[in-house]
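Novice: The numbers in the sequence shown follow the numbering used here, run straight up by one, and end at 87.
None of these hints come from the bench; they were simulated from the model.
Quick reminder that beta carbons are idealized off the backbone N, C-alpha and C, glycines included.
Take the hints with a grain of salt, since some may be wrong.
Cβ-Cβ distance ranges computed for the label pairs, FRET-style [as the list claims (entries may be wrong)]:
no.	residue 1	residue 2	range
1	K63	N83	16 to 22 Å
2	H37	D74	22 to 28 Å
3	H37	E84	16 to 22 Å
4	S61	V29	19 to 25 Å
5	R65	E20	19 to 25 Å
6	Q8	V29	33 to 39 Å
7	H37	T6	32 to 38 Å
8	K16	V79	17 to 23 Å
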Amino acid sequence: MAYHKTKQEAFQAAQKATMEAKEWHDHLVRDQADYGHQLSHLKQEVNEAFAQINNALEVASEKQRLQLEKFRSDLQAIVDEVNEIQS
1 MAYHKTKQEA FQAAQKATME AKEWHDHLVR DQADYGHQLS HLKQEVNEAF
51 AQINNALEVA SEKQRLQLEK FRSDLQAIVD EVNEIQS
């Protein structure tokens, strides 16, 4: 993961990582043979997105901070859903 020096670069990286994690979640199919692989990749994407969000929060403006917290909340909802399915 690259460190982004400007507020905008850091925010955009967090936004992109969150969108990619959401896409993986949207395409996750429990009944497919490669579900385990899909789930593993989803977890990597979510972890990367959380890391990008944390990075961006270090330099974010107040407006960006609010959106980053929304991204974090969205990701946590994905984590909670996946954990519920697995239990």
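Novice: Work down the list of hints and note, for each, if the structure agrees.
Specialist: Here is how each hint holds up against the structure:
1. Between K63 and N83 the CB atoms are about 31 Å apart, so this pair departs from the stated range of 16 to 22 Å.
2. One distance hint, 22 to 28 Å for the beta-carbon pair H37 and D74, holds here, with the actual separation near 23 Å.
3. A hinted range of 16 to 22 Å holds for the C-beta pair H37 and E84, which are about 20 Å apart.
4. Between S61 and V29 the Cβ separation comes to about 38 Å, which falls outside the hinted range of 19 to 25 Å.
5. Distance hint for R65 and E20: a CB-CB separation of about 21 Å, consistent with the stated range 19 to 25 Å.
6. Between Q8 and V29 the beta carbon distance is about 35 Å. The supplied range of 33 to 39 Å therefore holds.
7. Take H37 and T6: their Cβ atoms lie about 35 Å apart, and the range 32 to 38 Å holds.
8. For the hinted restraint 17 to 23 Å between K16 and V79, the CB-CB distance of approximately 19 Å keeps it satisfied.
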